[in-house]
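J.: So the chains spell out like this:
There are 2 protein chains.
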Amino acid sequence: MRYELYYWTGAQGRGEFIRLALEDVAADYIDVARKRGDNAMMPFLRGKQAGALPFAPPFLKAGRMVIAQTATILAYLGPRLGLVPGGLSAEIYAQQLQATIADIVFEVHDTHHPISASLYYEQQRSAARKRSQAFREERIPKYLDYFESVLARGNGRQALSRHSYVDLSLFQLISGLDYAFPNTMRRMQRQIPRLRALAERIAERPNIAAYLASPRRIPFNEDGIFRRYPELDPVR
Amino acid sequence: MRYELYYWTGAQGRGEFIRLALEDVAADYIDVARKRGDNAMMPFLRGKQAGALPFAPPFLKAGRMVIAQTATILAYLGPRLGLVPGGLSAEIYAQQLQATIADIVFEVHDTHHPISASLYYEQQRSAARKRSQAFREERIPKYLDYFESVLARGNGRQALSRHSYVDLSLFQLISGLDYAFPNTMRRMQRQIPRLRALAERIAERPNIAAYLASPRRIPFNEDGIFRRYPELDPVR
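Protein sequences appear in the order of chains E and V.
The first sequence stops at residue 236 when you use the UniProt record's numbering, and every number in between is there.
The second sequence stops at residue 236 when you use the UniProt record's numbering, and every number in between is there.
In case anyone wonders, no lab produced these hints; they're calculated from the structure.
This list has only true hints and no planted wrong ones.
When the alpha-carbon atoms are kept at most 35 Å apart in a straight line, the in silico DSBU-like pairs for lysine-lysine are as follows:
1) V/Lys142 <-> E/Lys61
2) V/Lys61 <-> E/Lys61
3) E/Lys48 <-> E/Lys61
4) E/Lys130 <-> V/Lys142
Quick list of simulated restraints, FRET-style, between CB atoms:
5) E/Gly82 <-> V/Pro234: 50 to 60 Å
6) E/Arg46 <-> V/Arg162: 18 to 28 Å
7) V/Ala203 <-> E/Pro215: 52 to 62 Å
8) V/Lys48 <-> E/Lys142: 12 to 22 Å
Every residue, glycine too, gets a C-beta built ideally from N, C-alpha and C.
With the hints as extra help, turn the sequences into a complete structure.
T.: Spelled out as structure tokens, the structure:
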């Protein structure tokens with residue numbers, strides 16, 4: 001099946017978690033908006049198609065199904081792309097971990113938009129500074145300690161008993177945090193040896209390495225979820 | 001099977017979405033912390049049990065499985081409690097809708113805690129006022145218009161082709177918004193006829209009505225997700 005991915009052009013955003021899964025297994029897919037423009041998403045968002053209604057991008061068209069929400073798309077794709085171990089218990093655990101990744105991604109977004117997504121960053125800079133401080137000091141350690149424990153309880157190298165979409169998403173999370181909070185992540189380096197090793201192994205997977213070196217990988221930038229605003233991550 | 005639900009005592013919180021599903025079908029379950037205290041959750045959160053590691057409550061013990069994240073717990077329970085229509089496409093749509101409910105619940109929490117969950121409300125009141133204004137004016141209408149459209153595309157009365165855990169969660173969402181943002185919700189009354197009718201029907205389901213009248217239903221309060229702080233919802 002040829003999958004159709006719909007996501008805003010111009011930033012990695014939440015769409016990137018889906019792209020990494022599709023790229024890792026060299027799935028047949030089209031990144032529709034990057035081919036035809038963001039307007040290609042509008043009929044779906046306005047409810048012009050039958051079936052499921054997306055609230056927002058990313059969404060995936062898989063045959064006649066339309067699936068939105070990053071974690072839900074991956075719950076669907078996982079078994080179909082061979083990116084989750086077999087069995088109910090592994091599938092459910094993968095979904096739980098992906099939902100937790102969605103939570104920290106939400107919090108990352110709110111470091112630069114703590115008041116409203118429809119105001120500019122510059123209009124909420126003071127609250128952004130405060131929220132980012134709490135995020136750096138409390139939330140990054142809490143989430144990364146958690147994911148480090150998840151790896152330790154697995155086989156030490158992967159979240160589940162074998163490679164999965166969760167590992168790909170953890171790679172993206174670490175990459176994004178490295179981009180947005182380089183000083184904090186440098187200080188945390190020794191506390192997350194398993195996550196670091198995982199991120200390196202993922203970056204070296206042939207299909208992922210090829211993808212990251214290709215123009216299909218949009219560079220991190222200040223239109224995405226992970227943004228580098230130096231005042232939100234001071235050197236100390 | 002006797003399910004064990006683990007959630008903080010003292011507030012409805014995210015645990016309430018699970019309780020409503022279990023209560024609606026009169027499932028056999030124990031609300032563990034309310035029986036044995038919040039400490040009963042600690043061994044799980046500290047990783048003392050085998051298998052899946054929860055990041056935070058709520059989590060559910062189902063036989064040997066431990067499942068965390070509200071939307072994941074409901075994805076698991078849905079088919080087992082008969083609370084989702086059969087078939088992949090309905091299950092996936094239910095998961096997507098529940099993930100979207102999780103998103104607005106996250107945003108509701110951040111109206112009173114826009115800077116940090118570990119500071120008191122009083123320490124972030126000024127940012128809370130600003131975030132709440134954006135939430136009332138932009139986000140409530142956007143989400144509720146969306147769910148109203150979801151109902152319109154279903155059979156007009158339910159999110160899916162028949163009663164599901166998504167309907168129970170929409171009831172909880174509307175109830176919580178009515179509690180926390182009564183003035184805003186009164187002004188929106190006419191824009192959400194289907195959601196209103198759905199919420200009324202759910203409240204009248206015999207098992208739900210009995211639950212809501214029982215001491216098992218913790219009243220809304222200012223320790224939960226939905227909090228009534230009058231300055232966050234002015235009369236205008």
